[in-house]
Amino acid sequence: MAEKARIRAEAARLRALFEAQGAQGFETSILQPAEVLLDLYGEDIRARAYVTSDALRGEQMLRPDFTVPVVQAHMAYGAEPARYTYAGEVFRRQEDDPDRENEFMQVGYEVFDRENPIDSDAEVFSVIQSALGGARLRAATGDIGILMAAVAGLQTTDARKKALRRHIWHPRRFRALLDRYSGRSPVPAARKALLAAADPFAGGAPEIGLRSRAEVEARIAALKADAAAAPISEREVELLDALLQVRETLPNALEHLRDIAVDMPAIVKAVDRLARRMKALDRRGVDVAALDFEASYGRTSMEYYDGFVFGFYAEGRPDLPAVATGGRYDALTRVLGQGREIPAVGGVVRPGLLLQLEAGQ
Amino acid sequence: MSVKLGVPSKGRLMEKTFEWFGERGVTLSRTGSDREYAGKVEGVEGVELVLLSAGEIPRELAAGRIHLGVTGTDLIREKLGQWDQKVEPLAELGFGHADLIIAVPACWVDVDTLDDLDAAAAAFRERHGFRLRVATKYHRLVREFLRDHGVADYQLVDSQGATEGTVKNETAEAVADITSTGDTLRANHLKILSDALVLKSQATLFRSRVAPVDKAERDTIKELSRVLGVD
Chain A
1 MAEKARIRAE AARLRALFEA QGAQGFETSI LQPAEVLLDL YGEDIRARAY
51 VTSDALRGEQ MLRPDFTVPV VQAHMAYGAE PARYTYAGEV FRRQEDDPDR
101 ENEFMQVGYE VFDRENPIDS DAEVFSVIQS ALGGARLRAA TGDIGILMAA
151 VAGLQTTDAR KKALRRHIWH PRRFRALLDR YSGRSPVPAA RKALLAAADP
201 FAGGAPEIGL RSRAEVEARI AALKADAAAA PISEREVELL DALLQVRETL
251 PNALEHLRDI AVDMPAIVKA VDRLARRMKA LDRRGVDVAA LDFEASYGRT
301 SMEYYDGFVF GFYAEGRPDL PAVATGGRYD ALTRVLGQGR EIPAVGGVVR
351 PGLLLQLEAG Q
Chain B
1 MSVKLGVPSK GRLMEKTFEW FGERGVTLSR TGSDREYAGK VEGVEGVELV
51 LLSAGEIPRE LAAGRIHLGV TGTDLIREKL GQWDQKVEPL AELGFGHADL
101 IIAVPACWVD VDTLDDLDAA AAAFRERHGF RLRVATKYHR LVREFLRDHG
151 VADYQLVDSQ GATEGTVKNE TAEAVADITS TGDTLRANHL KILSDALVLK
201 SQATLFRSRV APVDKAERDT IKELSRVLGV D
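As you go down the protein sequences, you meet chains A and B in turn. Under UniProt numbering, the first residue of the first sequence is numbered 1, with each subsequent residue one higher. Under UniProt numbering, the first residue of the second sequence is numbered 1, with each subsequent residue one higher.
Keep in mind the hints are simulated off the structure, nothing from the lab. One should not assume that every hint holds.
[What the hints assert, rightly or not] Here are the in silico distance ranges between beta carbons for each label pair:
hint, chain 1, residue 1, chain 2, residue 2, range
1, B, Glu126, A, Asp241, 26 to 36 Å
2, A, Gly337, B, Arg127, 17 to 27 Å
3, B, Ser53, A, Asp241, 45 to 55 Å
4, A, Ala205, B, Glu45, 52 to 62 Å
5, B, Lys168, A, Arg175, 31 to 41 Å
6, B, Arg127, A, Arg276, 39 to 49 Å
7, A, Ala202, B, Thr113, 40 to 50 Å
8, A, Gly360, B, Glu23, 51 to 61 Å
9, A, Ala202, B, Arg127, 51 to 61 Å
10, B, Lys168, A, Asn102, 32 to 42 Å
11, B, Glu45, A, Gly316, 48 to 58 Å
12, B, Gly25, A, Val36, 58 to 68 Å
[As the list claims (entries may be wrong)] Simulated coverage check for chain B against chain A, where a stretch passes if three residues somewhere in it have a Cβ under 8 Å from a Cβ of chain A:
hint, segment
13, 97–110
14, 115–127
15, 137–148
16, 153–161
Beta carbons are placed, not taken as given, at the ideal position from N, Cα and C, and that holds for glycine.
With the hints as constraints, model all of the structure from the sequences given.
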């Protein structure tokens, strides 16, 4: 393990590189108010971040990343367009793997720019890639926007599309919902009985708690409407499965996605964006022919990425976490912007891992 | 040095543990006054009885301060990360049965499965502006379970006792708790989700994998295991 002083020096070097790209330095506290993070990510964040508290300020978190405070600060005071860089420790709970660090340095590069989001994607990727220098890394990319477009274009009810969209980041529940909506999995017996019952409330259980009878009735009505809706067609499920399985070099993936788009016109625009991003990456000197694209990439990460996503991994070291990761998070600016929003994309590098790899090569 | 055996210091769990050892020819007993937490072991040489709160036994085993300990599987799994690398279960003792389950108000006739709970949570959050609250003291186990099953839009609220009452008191919408018969749940107008068995637990004799042992202690553990019939 490279010692702290060397990691700090490496972090400073990376930060200086990002400043040279026009990014202004950003600083934030290690202790962050827990409420914002909990509201954004729900319980999952408690499994990943350290929560502490005192009697005066209540719950606080040791910052699990810089993205949320950067977005908050930008939405409150930022000029447009803006580029930010930061370097500092982040803290992640590790309860299952003692080899994973629970405190490490991150150096980030974030771009808030409305003019040309596609080019901003390419900029962040190429700036991060060149900062990583000569380390032998495999780059993986994906695009959550294509999945979101595919879900939005399904020939089914809005309620189903909304439920599927909500679970894009939970692949297992997404699959269960899709199986249910397409009739691949049977309707559970209890639900059948509920829908067939003359009076679902015949059991006479007393009404307790905040969730009211009206809410229960609304859900029963929604279930009835769902039961009456036609199943999502086998053809559409097959197309979605084919889409989720796309995993090739970027140019091949693009061709494959264009084939799928012939039968799935809803993704045409999103696939066009991918094509333009590929060109933008190429213009910036990225070897796109060697770049991997996985349609499912980024689905199991925290759910703020909603467009382009990428990660850099050490070749032959599947035991190590990603050396750098990033992506587009427009929706996060909307949630934190209180009525305002701005396209935003960024990435982070772990200088400690970078040094470790350089020492090993 | 002697082998340290940690046993719950009071109540039914202590009595049943004493009984279980007694039936196998190892007599555990408390010594001194009723209030003094001291005890002795007869039937095997070199074993020292350590009376502890059942909730502290996982930590003591993981720290290697006791060699053997009796506690619930639920507590081991909740309190220890990588539990199976820190302790080894030697024998299930056949009592202290309890299931960690998720329960919702019986009046939620539309909710029977985790799938329903997830859908109800999404609608609840939209309507009430905060995430559906699940009261529990088993934060880790419940969070992992719900995450693995892709349930979103809920939050855990801490409840160290009288958890079944939290729904009526409107401090939670659902509970995740240990139950053996379900009577308390029913009495509080709650019902168990049909597919949300988080963990089946019972009192179990564990061996610490990290407690240092010399040759004499290793022999003592072997002998005790033989006498108890758990080797």
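| request: Check each numbered hint from earlier against the structure, then list the numbers of those it violates in ascending order. | output: 7, 9
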